[in-house]
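Each chain is listed here by its residues.
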Amino acid sequence: MSLPEAYLDEVNALNREILKSKPTDVLQFCANFFNRRLEAQRVEFLLSASNNSGFSSSNTFGAMPSSSAYGGGESLFPGSVVNLGGPPLDGNRESPFSGTIREEDEDVGQSPTTPSFRPAVLGGPSISNPSLAAPPLSPGQSLFSPRSRFAFGNDQPPHPGSSHLSPSIHLSPNSASLDFPSNYNMGRRTSVSAESLVPSSSNEEWNPPVYPKTPEQLGRLKTAVSGNFLFMHLDDDQSGQVLSALMEKPIPGKGTRVITQGDVGDFFYVVEKGSFDVYVNSAGSMLPGLDGMGKKVNSIGPGGSFGELALMYNAPRAATIISTTSQNILWALDRVTFRRILMENTFKRRRMYEAFLEEVSILSSLVPYERAKIADALEPFTFHPGDVIIQQGDPGDNFYIIESGEAEVVKHGAHEPVNRLTKGDYFGELALLNDAPRAASVRAVTRVKVATLGKDGFQRLLGPVAEIMRRNDPRLAEGVDPLSNVGSPGPSGGFDGGKDVVEEAAGRGRAVEV
Amino acid sequence: MEITAQQPAAPLSLPTPPPDKLLDEGPAIAELDKVDSGMDIDFQSDSLHTPVSGPTQVGSGGPPVNGQAKGGGFGNGDGEPTRKEEGRSEGGEEVNMTDVDQRPPSVEDFDLMTTLGTGTFARVWLVRPRGSPPTENAPLFALKQLKKVDIIRLKQCEHVLNERSILEVCRPHPFITHYLCSWQDRASLYILLEYSPGGEIFGYLRRARRFDFQTTQFYAAEITMILVFLHNHGIVYRDLKPENILLDARGHVKLVDFGFAKVVGDRETYTLCGTPEYLSPEVIQSKGHGKAVDWWALGVLIYEMSCGFPPFYDNSPFAIYEKIVAGRISFPSILPEETKDIVRRLCTKDLSARLGNMCGGGHQVMAHPFFDSVHWQELENQVHPGPIVPSLRHPGDTRYFDQYDPPPTTARDEYTDEMFEKYDASFHGF
Numbered sequence: 001m002s003l004p005e006a007y008l009d010e011v012n013a014l015n016r017e018i019l020k021s022k023p024t025d026v027l028q029f030c031a032n033f034f035n036r037r038l039e040a041q042r043v044e045f046l047l048s049a050s051n052n053s054g055f056s057s058s059n060t061f062g063a064m065p066s067s068s069a070y071g072g073g074e075s076l077f078p079g080s081v082v083n084l085g086g087p088p089l090d091g092n093r094e095s096p097f098s099g100t101i102r103e104e105d106e107d108v109g110q111s112p113t114t115p116s117f118r119p120a121v122l123g124g125p126s127i128s129n130p131s132l133a134a135p136p137l138s139p140g141q142s143l144f145s146p147r148s149r150f151a152f153g154n155d156q157p158p159h160p161g162s163s164h165l166s167p168s169i170h171l172s173p174n175s176a177s178l179d180f181p182s183n184y185n186m187g188r189r190t191s192v193s194a195e196s197l198v199p200s201s202s203n204e205e206w207n208p209p210v211y212p213k214t215p216e217q218l219g220r221l222k223t224a225v226s227g228n229f230l231f232m233h234l235d236d237d238q239s240g241q242v243l244s245a246l247m248e249k250p251i252p253g254k255g256t257r258v259i260t261q262g263d264v265g266d267f268f269y270v271v272e273k274g275s276f277d278v279y280v281n282s283a284g285s286m287l288p289g290l291d292g293m294g295k296k297v298n299s300i301g302p303g304g305s306f307g308e309l310a311l312m313y314n315a316p317r318a319a320t321i322i323s324t325t326s327q328n329i330l331w332a333l334d335r336v337t338f339r340r341i342l343m344e345n346t347f348k349r350r351r352m353y354e355a356f357l358e359e360v361s362i363l364s365s366l367v368p369y370e371r372a373k374i375a376d377a378l379e380p381f382t383f384h385p386g387d388v389i390i391q392q393g394d395p396g397d398n399f400y401i402i403e404s405g406e407a408e409v410v411k412h413g414a415h416e417p418v419n420r421l422t423k424g425d426y427f428g429e430l431a432l433l434n435d436a437p438r439a440a441s442v443r444a445v446t447r448v449k450v451a452t453l454g455k456d457g458f459q460r461l462l463g464p465v466a467e468i469m470r471r472n473d474p475r476l477a478e479g480v481d482p483l484s485n486v487g488s489p490g491p492s493g494g495f496d497g498g499k500d501v502v503e504e505a506a507g508r509g510r511a512v513e514v
Numbered sequence: 001m002e003i004t005a006q007q008p009a010a011p012l013s014l015p016t017p018p019p020d021k022l023l024d025e026g027p028a029i030a031e032l033d034k035v036d037s038g039m040d041i042d043f044q045s046d047s048l049h050t051p052v053s054g055p056t057q058v059g060s061g062g063p064p065v066n067g068q069a070k071g072g073g074f075g076n077g078d079g080e081p082t083r084k085e086e087g088r089s090e091g092g093e094e095v096n097m098t099d100v101d102q103r104p105p106s107v108e109d110f111d112l113m114t115t116l117g118t119g120t121f122a123r124v125w126l127v128r129p130r131g132s133p134p135t136e137n138a139p140l141f142a143l144k145q146l147k148k149v150d151i152i153r154l155k156q157c158e159h160v161l162n163e164r165s166i167l168e169v170c171r172p173h174p175f176i177t178h179y180l181c182s183w184q185d186r187a188s189l190y191i192l193l194e195y196s197p198g199g200e201i202f203g204y205l206r207r208a209r210r211f212d213f214q215t216t217q218f219y220a221a222e223i224t225m226i227l228v229f230l231h232n233h234g235i236v237y238r239d240l241k242p243e244n245i246l247l248d249a250r251g252h253v254k255l256v257d258f259g260f261a262k263v264v265g266d267r268e269t270y271t272l273c274g275t276p277e278y279l280s281p282e283v284i285q286s287k288g289h290g291k292a293v294d295w296w297a298l299g300v301l302i303y304e305m306s307c308g309f310p311p312f313y314d315n316s317p318f319a320i321y322e323k324i325v326a327g328r329i330s331f332p333s334i335l336p337e338e339t340k341d342i343v344r345r346l347c348t349k350d351l352s353a354r355l356g357n358m359c360g361g362g363h364q365v366m367a368h369p370f371f372d373s374v375h376w377q378e379l380e381n382q383v384h385p386g387p388i389v390p391s392l393r394h395p396g397d398t399r400y401f402d403q404y405d406p407p408p409t410t411a412r413d414e415y416t417d418e419m420f421e422k423y424d425a426s427f428h429g430f
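Chains as they are written, first to last, in UniProt numbering: chain Z, 1 to 514; chain G, 1 to 430.
What you were told as hints is all true, and nothing was included just to trick you.
Lysine to aspartate or glutamate pairs mimicking EDC-like chemistry, simulated, CA-CA at most 16 Å apart:
1) Z:Lys249 to Z:Asp334
2) Z:Lys411 to Z:Asp394
3) G:Lys287 to Z:Glu344
4) G:Lys155 to Z:Glu195
5) G:Lys323 to Z:Asp9
6) G:Lys287 to Z:Asp235
7) G:Lys287 to Z:Asp237
8) Z:Lys273 to Z:Glu216
9) G:Lys287 to Z:Glu379
10) G:Lys147 to G:Glu158
11) G:Lys287 to Z:Asp236
12) G:Lys147 to G:Asp413
13) G:Lys323 to Z:Glu5
14) G:Lys349 to Z:Glu379
15) Z:Lys449 to Z:Asp236
16) Z:Lys449 to Z:Glu379
17) Z:Lys222 to Z:Asp235
18) Z:Lys449 to Z:Asp387
19) Z:Lys449 to Z:Glu408
20) G:Lys155 to Z:Asp266
21) G:Lys147 to G:Asp417
22) Z:Lys348 to Z:Glu205
23) Z:Lys20 to G:Asp314
24) Z:Lys222 to Z:Asp236
25) G:Lys155 to G:Asp424
26) Z:Lys449 to Z:Asp235
Hints in this document: simulated from the structure, not taken from any laboratory.
Construct the entire structure; sequences and hints are all you get.
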């Protein structure tokens, strides 16, 4: 049984607060937290109640405005929303968008204390127009912290016709139960970008750097990055290349600064040996002086890692890291190498998939764009020797292409495998066409990597396969059994993917052009 | 189409704005004659502050793209400003003011009035052609200045070149900021754009905290139309967020900042870029990404407009990415079912199930029940004003823009001769 979502959200918010504040009196902290939450929600509720009564009496607000408010050609309150709330009910309305509000001159109903979210509040530059400026908040204070929310209720009960800058005008009447996160930073967000990467062309193969490691070291590294989502989805090739590319970096001496808060970051580090302290200065970067590094927030020992954001793009370092033992060893990986490994692998695999797909007879009428789309949606899977990939008699859902390894086709009643499948071979594609049960089983002989896509996914992307086949095969439209001309009638019968077609596909697959 | 005194009023069913709300109180046409004739700007464009061409052409895709670059000679080696010129025909008549004066435009041709926005290597100015009378009806533009030294430092050269060429392709679209011309001088690149006085949707959203259903629907619908247009041209936008959506004088959206836009066709691309809260899982995980990332971002945008905060947030970017990759979205129970459904369908990791990426493309998005009450043709023709109409006291009113510090006067990062030698060729063609 799972816990209710609302509860999880509360507990997660509390967890974050605890991590941030590290309170000594945990119980009191939790009690305060929930009291603040309760207070905030109550204020929202009261605010919304006052909104509702105020608006409905004015006849221009409320969930169902009277039609005269639209048709009259004039709004009673130039600054008001005429069509708040539910879907249009009035059939005379020409457009759902005919209700219009004007952003109002700020001298109408605007008090200097109106909470507004101009950047002054967000720690940005100041604002010259005093009526747009919000009451000062301490730096870093969340706009929607319980305190500032409380201010809405006290300072300015909204009234009809009040400025758009009042917080409630665009709220749907009962939206107060939408609760605002207390820790969301409402400031403008800047874009991020990594270096442009373009896959290398086929004639200039790129080889990632390789720094040899012992099996123990590799094992430790693997464990160290296993919880990191940037590494979790990597396949064996990618993961092997990434781990090989980690470079040993000895950090001699105690008190050596490895990364500095606020600096640009290009490397991700895993601790092999030694230990490191993590300092964060709330100013956002390390400052000169004794306390310039800020507060110690954590320490990291062997198996730990830091600087992972640098694997995505060049962002300022969020903390300062300093060695605390005299003999330290780190493994370092830079962003461009990491991303390039991922990109080259993905790029090659995509082109390989596209080439394989070209050989699938029932998909021969796909245009390149469609093959790209399918290649994009193919999901990789790995099977171990002996694993049954599809079972004869089961309903067929998925279509498979073998990326590497070897599998055999077995049928009930046959003692020997009726076929062997290797790289570039495909099977189960008839599942895309109909719901017939699998005509044979396919079992992994070695470790087999496949790429697969289900019928539903295929149809969502391109529409019904039968339609696609009909494009260049008018016989299908005339009711000829599509199975009669699918694949080559090998020992597996209608099972598909004749071996000779398949050999060629495998060959093509290896010679992918960029 | 903009509200000006010369233009026919919006449809009768709409509340007519009181006369004192109109932007242009006096005839603006008279002002044109006083404008410096050395200006190399297409004054016939239907940009907001050049209300000189009588009935402007709007809607149904606008005029065809025939403003092809006419090879302004560049690359003469001694650092002289180079440019692209744009001719543009409206109603079959070729408008080409460049014959009047062959001098390329320069930043000296403009009064830089105030800063409208800043980025890591760009600053956008509100500008007025120098010599134009400082009246309220003077034509105004947004001038984006990109410092070469920063572009090189941040390795964004490719993105910048993409930006200019894509803006050119997008000129006919009513909901994309109109590109007028571009040039460069020794230290900077310049892109001259129409000015959208309404400021960012971001500001309205934060002030209102969240938008009601119809407001959200309206902006989402116009953005959807933009995405369909861009994707039809093989362009992925990659930086959708309320900060990049401006409002024009009638409250319609104007998408800005094409710094990450790229022509991808049907292929995938690999450079990670965007805004943390809006990144899709495939971008975060370097799986290669395509146009589908814009549909994911549309889902995030709809969520943020409806709720006031994005579906995936945290104090640290890395924690945001963990949540995006985990893919769990919790919805405030009060959200309408159609809103939840469209967000779920757009923000799905499975590319074969993501709305907009499936068979039917963007038209499937438009057909979603969330957009049921949208009249797409009227929307495209901008028959009605938007749900929020900025109230401007005069065309140069910048109250909807944040205030920015003036640029630092000390030139701390100079574009040295050495850098010029080494890198300037990469800006040829801008």
